[in-house]
Every structure is written in C-alpha cells, then in structure tokens.
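With chain A held as given, fit chain B onto it using these hints.
From first to last, the protein sequence lines are chains A and B.
So in numbering that gives the first Met the number 0, spot 32 of the first sequence is number 31, and the numbers just go up one at a time.
So in numbering that gives the first Met the number 0, spot 32 of the second sequence is number 31, and the numbers just go up one at a time.
I should point out that these hints are in silico values taken from the structure, not numbers from a laboratory.
Positions of the beta carbon are idealized from the N, C-alpha and C atoms, including for glycine.
Be aware that one or more of the hints could be misleading.
Okay, the calculated beta carbon distance ranges per label pair [said to hold, decoys possible]:
#1 142/B to 416/A: 45 to 53 Å
#2 347/A to 40/B: 29 to 37 Å
#3 102/B to 451/A: 16 to 24 Å
#4 171/B to 435/A: 18 to 26 Å
#5 40/B to 416/A: 55 to 63 Å
#6 57/A to 209/B: 52 to 60 Å
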Amino acid sequence: MTPDETNRTSYARGPRAGNSSGLDSSGFTALKAKRRFSLLRLTALWEAFLVAIGSLRTNKLRTALTLMGIVVGVSAVISVVTIIKGLDQTVAQTFSSQGSTVFTISKQPRVITSREDFIKFSKRKDVTRDDAEVIFRMCSSCYQTGIAASRPEIVKHLDQKSDNVFIRGIAPTTMFDIDAVTIDAGRIWNDNEGESAREICVVGADISENLFQGAAPDRIIGQQIHVAGRPFLIIGVLQPLGKIFGFSRDNLVYIPYSTYQKIFGGRSSLVVFVKTRSAAELEETQDQVRTIMRNRRIRSVSDSDDGFALETQDVFLDLYSKATSNIYLVTIGVAAISLVVGGIVVMNIMLVSVTERTKEIGIRKAVGARQKDILTQFLIEALTVTALGGAIGVLTGFGLAYVLALLMGFPLLISAASAVLGVGVSSIVGVVSGLWPAWRASRLDPIEALRTE
Amino acid sequence: MSDVTLASPPAPTAIPAPEPIREHDSNSLISMRGIWKTYQMGSEEVHALHGVSFDIPKGEYIAIIGPSGSGKSTLMNLIGCLDTPSQGEYWLNAKNVSEMDDDELARIRNQEVGFVFQTFNLLARATALHNVELPLIYGGIGSSKRHEMAKQALASVDLTDRITHRPNELSGGQRQRVAIARALVNHPSILLADEPTGALDSHTSMEIMDLFERLHGEGNTIIVVTHEHDIAARAHRVISIRDGLIEKDEKIR
Numbered sequence: 000m001t002p003d004e005t006n007r008t009s010y011a012r013g014p015r016a017g018n019s020s021g022l023d024s025s026g027f028t029a030l031k032a033k034r035r036f037s038l039l040r041l042t043a044l045w046e047a048f049l050v051a052i053g054s055l056r057t058n059k060l061r062t063a064l065t066l067m068g069i070v071v072g073v074s075a076v077i078s079v080v081t082i083i084k085g086l087d088q089t090v091a092q093t094f095s096s097q098g099s100t101v102f103t104i105s106k107q108p109r110v111i112t113s114r115e116d117f118i119k120f121s122k123r124k125d126v127t128r129d130d131a132e133v134i135f136r137m138c139s140s141c142y143q144t145g146i147a148a149s150r151p152e153i154v155k156h157l158d159q160k161s162d163n164v165f166i167r168g169i170a171p172t173t174m175f176d177i178d179a180v181t182i183d184a185g186r187i188w189n190d191n192e193g194e195s196a197r198e199i200c201v202v203g204a205d206i207s208e209n210l211f212q213g214a215a216p217d218r219i220i221g222q223q224i225h226v227a228g229r230p231f232l233i234i235g236v237l238q239p240l241g242k243i244f245g246f247s248r249d250n251l252v253y254i255p256y257s258t259y260q261k262i263f264g265g266r267s268s269l270v271v272f273v274k275t276r277s278a279a280e281l282e283e284t285q286d287q288v289r290t291i292m293r294n295r296r297i298r299s300v301s302d303s304d305d306g307f308a309l310e311t312q313d314v315f316l317d318l319y320s321k322a323t324s325n326i327y328l329v330t331i332g333v334a335a336i337s338l339v340v341g342g343i344v345v346m347n348i349m350l351v352s353v354t355e356r357t358k359e360i361g362i363r364k365a366v367g368a369r370q371k372d373i374l375t376q377f378l379i380e381a382l383t384v385t386a387l388g389g390a391i392g393v394l395t396g397f398g399l400a401y402v403l404a405l406l407m408g409f410p411l412l413i414s415a416a417s418a419v420l421g422v423g424v425s426s427i428v429g430v431v432s433g434l435w436p437a438w439r440a441s442r443l444d445p446i447e448a449l450r451t452e
Numbered sequence: 000m001s002d003v004t005l006a007s008p009p010a011p012t013a014i015p016a017p018e019p020i021r022e023h024d025s026n027s028l029i030s031m032r033g034i035w036k037t038y039q040m041g042s043e044e045v046h047a048l049h050g051v052s053f054d055i056p057k058g059e060y061i062a063i064i065g066p067s068g069s070g071k072s073t074l075m076n077l078i079g080c081l082d083t084p085s086q087g088e089y090w091l092n093a094k095n096v097s098e099m100d101d102d103e104l105a106r107i108r109n110q111e112v113g114f115v116f117q118t119f120n121l122l123a124r125a126t127a128l129h130n131v132e133l134p135l136i137y138g139g140i141g142s143s144k145r146h147e148m149a150k151q152a153l154a155s156v157d158l159t160d161r162i163t164h165r166p167n168e169l170s171g172g173q174r175q176r177v178a179i180a181r182a183l184v185n186h187p188s189i190l191l192a193d194e195p196t197g198a199l200d201s202h203t204s205m206e207i208m209d210l211f212e213r214l215h216g217e218g219n220t221i222i223v224v225t226h227e228h229d230i231a232a233r234a235h236r237v238i239s240i241r242d243g244l245i246e247k248d249e250k251i252r
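So that you can see chain A by itself, here it is in the shape it has in the complex:
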C-alpha cells in the first residue's frame, strides 16, 4: 500500500480544525441545509428505487411469487372486462342494426315479462294490413314504412333439408332497406311480382351453405327450394350478417307478404315497420303514429293502454343490460378478489423482507436515514413490484381475452383505459399493502436494529 498524500489532504480538518468559532460552523451547516432541501427528495427517491430493484433482483424467487400474485389478479380483471366489453358491443351492434330511426307497431311487445301481461296483450286486436295502410297514408313524417310477418319453417332442396328457417313475408320491398340487408347476388322482386303473390324468394347466406353445399351465391340463383312444401324460385341472395351468441342471423328466407298470406293465412297479427329520415325525427314520428293508431283503436286521451305496442330496437338493449349488468358486476367482483389476494401476498412478503433486513435498516438509520426515508424506500419497493406485476397482468389479460374472443367469435376491444386502470389499481394495491410493513420498518429503533444479526 502506497500512501497517497494528495488524496489524504482532503481529510485534514482544514479550516474547521483550528477554528472553534461558531459562526464558521453554522454557515457551513446552512449551506448544507440548502442543498439538502433541493436535492434530497429526488435523490432519496431514486436511491429508494435502485435499492428496490436491487433487492427484487437478489430475491428472484420471492419477487416471482409476488409478481405472480398480482399478475393473476390483474389479468383476471382485465380479461373479464375486455370480454364483457366485446360482448356488449356485439349485442349493441346486432340489435341496433336497423339503426335508431326504426320503430315498430305490433299487437304485443316483443318482450313480455308476466303472465298477466300476456293475457292482456292477447286480448288486443290484431294489427292488420288495414292499420298499415292507414299509417302509410296519414303519417307525414314517416320516411319508409313496411309490414312484415315471420315464422319458422322447414326448407328443402332435393334431399337436403333445413329446420327452423326464418320465413319473413314483407311488403313493400323498402322493408329490405328497413331491415338493413343488402343483396349479394341476383335481385329483389319488383312491386308487380310482390303484389301478384308469386313463389319467389331472396335467401340468406345460410341457405346456400346448408342446402347447396356452400355453392357461391350467384350459382344458386334460379334454383328451387321448397318452403312448407311449396316450390319457390330463388331470385336473390343476401350478404351474410354473421352470428350472435352462436346463433346465425343468415338462416332466413324473404318472400313477398302477399305470398306469405296466401300460404300461411292472413289471420295472424303482423308488424308495421316505420323508418324516419333521422334520429331527431324519431320521437315526433312515434307520436304521430301513436295518435293515428289510438284513433283506430278508439282510445280516449285518458286511456293508459294504447291497445298496441310501439317499440324501438332499444327494448332489446334495455332488457339485455338489465339481465346482464348484475352478472357482470359479480364476475368482475370475483376477479377482483384475486387482486385482493395478490395484495395480501405482497404484504406478507414485504413483512418478511422488513424482518430480514432489520440490520440494513439500522445501518441506514445510523448514517442519517430518517423515518420518512425508510418508509419511502419500502413503499417504493412494494410499488415497483405491483406496478410491474400490473403491467404484466394487463398484457396477460389482453392475451387471454384475445384467445377467448377468437374462440367465441366477438370483437376484441383493447382499451388504453383498462390498461391504465390495471396498472393503477395494482399500484394502489401495492401502496396499501406495503404501508404497514413500511411503517414498521421506519419505526425500528436504530440501536435494536443494529444489534440484530
């Protein structure tokens, strides 16, 4: 060892050694204090972060277990939320495919929730073609109107058979617009063909799939199918609409209403569809149609029952959200429990960490760490682990949701908000569960702490 005189001189007690004046000493302290205020916070935070990283890297297994606790919790919540969002959007899109400009007039509402209502609605007068004619004629703010009646039937082609095909009799052809379906191949019937009750039809994509071995749409134009035993000529094929909850929306056959009436009889109640020019006109148009219909049903202004049902597509969405919102809450709640368990894991491991590092805490306090510094250090350690776990959990959650969305066939809605929420919530879990261990660490008596081995 060679003594290095130049370096050593800096430890000679230069001006302070011989000078016992209080002025010099307090001036020196004031300078130091100033520097302390400006830098201490940031320096200590960065130091705490580095110590946290170091400690987490040294105890890899412990860190992995802690991370796992948080990752499981966050990914459970994230995937559940993502799937629910995708589901909601699918449902909303499906039910509002006719848009918010369409409403219907029918004998009974589409959703009946009690037996009493069912009996009451059954006694109402049927909605007839006459009702529809009057609405067509009298409603000035109606943009498009149409009537439709539907029923499931067996449809055959040669030896191929398909059950439960939705047969929809419509008039006039503006109902295609109101139903928001478009032609893929062939054509729709003209008014002449419609009124003369011809056996012609426009079919959904599933018909070619189920009865023609998946032939291209233009190959089945001019082919014949049997609906309820009667031959029909295919003149058009619709573009596919896709599935909802595994049920196809393309397993249908459109026929002219007059043909429908000829085959299935005109007794049953039909549904009148009204489309307005814009969503803003919807309410006004509904009022107009309601007045027309109440007059036809001879209802006085004071009568609370219309004697018919006037509905928009929203009724399905309302019912859907009513039926599912509680289920969603419970599902998210169950997933959130795993996050709480993750928090308990973090707290447990932090407590072990404090006990293991009692000596270290003593050393830090001996060289000038305040309670606040120790508290910050352990909080940052908990925060680092949980924020990291949260980030991994968000990615895993999205991955899980992606796989499930693929399997169940609905869109994947990845939102930045749920990612931020995932990391945020897990960080809060970190702070909450780290608080008690960190507080204990900060309150350790330095003398006792230094004595431990």
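For chain B alone, coordinates are given in the frame of chain A:
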C-alpha cells in the same frame, strides 16, 4: 423515566453522588452535562448512567473504556445521537442534541457523526463505493459529486483499487477501512468507533489503529469506545466508566 431533578438525583447509598454540574462549555465540540439514562425493566428502573459530565474539545483523540455493563455502550449511543438522555444536556457542535426529535437526530447523525462499528455494518449486497456513498445519499448530494467524494474517502484509506468489491470479497481489515471511509465521507465533527478492532486479528488491529492515529493527525476528533486497554492506550485521553459513572478521566499523552 426518573422524575427526580438534577439537583437531587435519587442516589442509592452505594453509589457516590455525581460531580457538581457546570454550565456547558461553548468552546467544546462535545459538552455533556449531568447525563442520566434510565431504562424501565418491568417495574424496576435501571440507571445505566448516573449523571455523567465531561467535555471534548475539537481535534482530541479520546478513548472511553470500561467493562461490559459499565454504561459505556449507552454513552456511545448518546454521543452518536442514536439515543437521547433521560436527563441532562448534551451539546454537540453548539447544538443541544438532548432536545431533538427523531428526524433532527437523523440529520445530526448524517452531518456530525461518523460511526465505525465492531462488526463493520456494511450493506452486504452493495459495493464498497456504494457503501461509502450511503451517508451522502441521505445528505441529499447529487450522484456525480457523491461518486467523487466517496472515491476520495476510499483513497484516503488506501482502497482505491477495491471500490467495486462487495464486502464478502474483502478482508476484515479492508471492510473496516471501507466503514471508516463511510464514516469520514460527510466530513463529520466526530469519528465514533465502537470496539473497532474487536473482530480483527492483532496485526490488522494495529493497522486500523495506525489509521486512526493518522486521521487524528489530520485534525479529526476521534472517540474510541473499547474494553481493551492496549487499544485505549493509543488515545491521548482516557475516560474510564464504571457503574454508570466516570471513574477516571486522564490525559495520557
């Protein structure tokens, strides 16, 4: 805590009455006046210190010696501001430490006291450089300035070539020199060593004592707490503690 006043301590008959208390000496670096330390052990009060008073001027090299249970560890904790007295006044560098709260004490430890422990007390996972930087971190000094100061402190104990080593890669003597560098890095008012050679062999012990001598020569105030007479003999003044009282206070050099 004892509820007696300074004027009439509850001295049991076996224990001699403490020396009369003078005003604290504002020229001294350390001025202890009538220091009592009382611990509550169950229902019994145990007095570790019975009204101790002494002064240490700047630049002195002093040893505090006494058998175990004499109260010298308690006294060291008080001097080092790890603890506060039950009664009495402790002035360090013209500041009344005995009335300070935890955070103020932490600041005094950071700025005024450099500790050297028997078991070194280095952070096991940190490099020598980082260990020496530790007081500067809590002193709020920026990283580049910190590196420079820590390197300088390590150079002053001849460990320039060991700055990236961790404690388990260093010998006992080297570890203690890292600890001394850490104690010195913040330019404290006192260097306070608790049995600094207790865990070292005799050859290394002499090296460390030589280092203390050199640091004293450079103007540092050094207080060594020990029970070994040959270690105490290296100091210039020896205070002997027995049963919580100063038995002897003599200049030996």
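Here is what the structure says about each hint:
1. 142/B to 416/A: 45 to 53 Å: Once the Cβ atoms are compared, 37 Å apart, the range 45 to 53 Å for residue 416/A and residue 142/B is violated.
2. 347/A to 40/B: 29 to 37 Å: Because 34 Å falls inside the window, the suggested range holds.
3. 102/B to 451/A: 16 to 24 Å: 23 Å, holds
4. 171/B to 435/A: 18 to 26 Å: With Cβ atoms ~38 Å apart, the hint is violated.
5. 40/B to 416/A: 55 to 63 Å: 59 Å, holds
6. 57/A to 209/B: 52 to 60 Å: Violated, since residue 57/A and residue 209/B (Cβ atoms, about 36 Å apart) do not stay within the stated range.
The structure fails hints 1, 4 and 6 (numbered hints given earlier, in ascending order).
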